[in-house]
Amino acid sequence: MTSADLARTTIVLFVVLAIQNTLLDGVRVAGAHPDAMLLLPMAAGYTAGPDRGAVFGFAAGLLADLFLPTTFGLSALVGCLLGYGTGLATRGLVRSSWWLPLIVAAGATAVGVSAYAILGAVLGEPGALTADLVPALAVATPAAVVLATPVVRFVAWAMPPVATGRGAGVGAGSR
Amino acid sequence: MARTRRSRRPRLTIVLLVLASITIITLDYRGDAHGVISSLKRAAGDAFSPVQRGVDAVTRPIGSFLAGAFNGGELQTENEKLRDEIGQLQRQTLAERAVQNALRSLEELDHLPWIQNIPTVRAQVIALNPSNFAATVELNVGTASGVDDGMPVVGGAGLVGHVIATSSSTSTVELITDAGSNVGVTFGSSSGNQASVAGGGIGKPLSVTLITPGTALQKGEVFTTSGLPNLAYPPLIPVARITRFSSNASSTDEAVTAVPVSDLSRLYYVDVLQWQPAA
Numbered sequence: 294m295t296s297a298d299l300a301r302t303t304i305v306l307f308v309v310l311a312i313q314n315t316l317l318d319g320v321r322v323a324g325a326h327p328d329a330m331l332l333l334p335m336a337a338g339y340t341a342g343p344d345r346g347a348v349f350g351f352a353a354g355l356l357a358d359l360f361l362p363t364t365f366g367l368s369a370l371v372g373c374l375l376g377y378g379t380g381l382a383t384r385g386l387v388r389s390s391w392w393l394p395l396i397v398a399a400g401a402t403a404v405g406v407s408a409y410a411i412l413g414a415v416l417g418e419p420g421a422l423t424a425d426l427v428p429a430l431a432v433a434t435p436a437a438v439v440l441a442t443p444v445v446r447f448v449a450w451a452m453p454p455v456a457t458g459r460g461a462g463v464g465a466g467s468r
Numbered sequence: 376m377a378r379t380r381r382s383r384r385p386r387l388t389i390v391l392l393v394l395a396s397i398t399i400i401t402l403d404y405r406g407d408a409h410g411v412i413s414s415l416k417r418a419a420g421d422a423f424s425p426v427q428r429g430v431d432a433v434t435r436p437i438g439s440f441l442a443g444a445f446n447g448g449e450l451q452t453e454n455e456k457l458r459d460e461i462g463q464l465q466r467q468t469l470a471e472r473a474v475q476n477a478l479r480s481l482e483e484l485d486h487l488p489w490i491q492n493i494p495t496v497r498a499q500v501i502a503l504n505p506s507n508f509a510a511t512v513e514l515n516v517g518t519a520s521g522v523d524d525g526m527p528v529v530g531g532a533g534l535v536g537h538v539i540a541t542s543s544s545t546s547t548v549e550l551i552t553d554a555g556s557n558v559g560v561t562f563g564s565s566s567g568n569q570a571s572v573a574g575g576g577i578g579k580p581l582s583v584t585l586i587t588p589g590t591a592l593q594k595g596e597v598f599t600t601s602g603l604p605n606l607a608y609p610p611l612i613p614v615a616r617i618t619r620f621s622s623n624a625s626s627t628d629e630a631v632t633a634v635p636v637s638d639l640s641r642l643y644y645v646d647v648l649q650w651q652p653a654a
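Chains A and B supply the protein sequences, listed in that same order. So for the first sequence, my numbering puts the first residue at 294; every next one is plus one. So for the second sequence, my numbering puts the first residue at 376; every next one is plus one.
Quick caveat, the hints were computed from the structure, so don't treat them as lab data. A virtual CB, placed ideally from N, CA and C, is assigned to each residue, including glycine. It is possible that part of the hints are untrue.
[As the list claims (entries may be wrong)] Beyond 10 Å from chain B on every Cβ pair, some chain A residues (computed):
| no. | residue |
| --- | --- |
| 1 | A297 |
| 2 | A347 |
| 3 | L361 |
| 4 | L386 |
| 5 | L416 |
| 6 | V438 |
| 7 | A449 |
[Said to hold, decoys possible] Only some residues are given here: those of chain B computed to face chain A with a beta carbon under 8 Å:
| no. | residue |
| --- | --- |
| 8 | T388 |
| 9 | I400 |
| 10 | D407 |
| 11 | A419 |
| 12 | D421 |
| 13 | I539 |
| 14 | A540 |
| 15 | I577 |
| 16 | F620 |
| 17 | S621 |
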């Protein structure tokens with residue numbers, strides 16, 4: 294990773310964090326709001342593969358944890374698993390469809406939010422599973438579909454896809 | 376050979392990252408690194424605070440302008456201030472009613488703490504619910520203004536929550552609706568009626584426990600903080616109003632649901648009470 298890549302990655306992390314903390318946190322439906330920070334690991338795994346997805350997801354999660362009242366490190370754990378999982382799950386896919394990132398974003402967000410609630414409950418916050426999970430899923434998943442395209446493109450700008458053969462690259466096969 | 380090394384690397388990376396995450400979570404959970412993590416969070420809050428204030432200053436007028444297309448922007452600002460004043464008056468009335476009840480049974484006590492004697496710090500809510508899994512708000516005051524962890528926060532007609540984290544210029548308040556919140560309360564004409572008000576999650580009603588079936592209750596009755604030693608709040612702050620109650624023969628508790636006396640979805644100004652629970 295060059296210093297230019299590192300600078301672009303840092304810009305992406307802080308811009309999305311600022312948008313999340315200042316604008317998206319205020320968009321509340323039934324007490325829940327969209328979660329763009331959870332889209333970052335998914336976008337990194339989708340564009341750059343499982344390895345870089347996991348590292349980027351860990352960094353994004355740790356940064357998000359600095360501003361959350363929940364257990365420190367929880368978002369980092371979910372983030373690295375989500376980045377790795379998305380990278381693995383989408384590695385062989387041909388990315389010619391505009392709707393593919395939307396479906397991946399919805400699926401990854403649903404998995405990420407559920408994992409966060411389950412781990413929160415394990416760590417002594419049962420309300421995360423019993424009270425908060427349903428509204429969080431109902432709001433964050435459709436919001437992920439709306440935010441997926443700009444977030445994936447922004448992350449792809451910072452982490453250009455590594456050509457590893459058929460189907461590699463966010464825009465491979467598209468015009 | 377090269378392929379094997381390449382395919383092992385992602386697995387090694389994810390294993391190391393998961394181990395690092397679990398180590399951080401364990402350190403935070405056990406409280407071993409609480410000081411370091413709190414310092415990091417405080418520094419991040421301080422660094423980010425100007426951005427948050429700047430965006431808030433830009434977006435609030437836009438929000439008011441957009442709302443103004445339907446409601447009138449100036450009227451909305453005026454309404455927010457009036458709502459704050461009405462809330463304070465309601466809080467005062469409810470608390471006075473509660474103190475009258477308490478005084479009746481606690482005449483022998485010399486030093487009954489009373490909320491109006493506690494110094495307060497006026498604060499503005501600058502962000503709502505940073506997490507989907509914790510009911511919290513961010514305030515524009517921190518340790519530099521005398522705000523500290525554990526301090527109760529009141530707004531509108533009653534209790535809002537308590538401070539759980541601070542930076543020099545901001546603080547995080549856990550609301551009484553948070554699924555992990557529990558407030559010791561008293562109700563009725565006798566201060567001996569104790570109960571516990573538990574949060575049901577963001578935007579959900581509160582549940583009240585520890586009330587014996589058959590206890591005389593009224594819809595709209597207000598619970599106030601009990602102020603028992605070692606609890607997180609001073610006594611006689613209005614907390615919640617009963618919306619529903621029913622007895623079940625098979626249950627050891629009356630099933631009671633309540634709503635906060637303060638409208639927690641429309642918080643704008645709040646007061647932080649400079650009061651700390653007894654050690």
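Cross-check of the supplied hints:
no. : hint : in the structure
1   : A297 : holds (22 Å)
2   : A347 : violated (5 Å)
3   : L361 : violated (5 Å)
4   : L386 : holds (17 Å)
5   : L416 : violated (6 Å)
6   : V438 : holds (17 Å)
7   : A449 : holds (19 Å)
8   : T388 : holds (5 Å)
9   : I400 : holds (4 Å)
10  : D407 : violated (12 Å)
11  : A419 : holds (4 Å)
12  : D421 : violated (11 Å)
13  : I539 : holds (6 Å)
14  : A540 : holds (6 Å)
15  : I577 : holds (3 Å)
16  : F620 : violated (20 Å)
17  : S621 : violated (21 Å)
This entry does not satisfy hints 2, 3, 5, 10, 12, 16, 17, going by the numbered hints stated previously.
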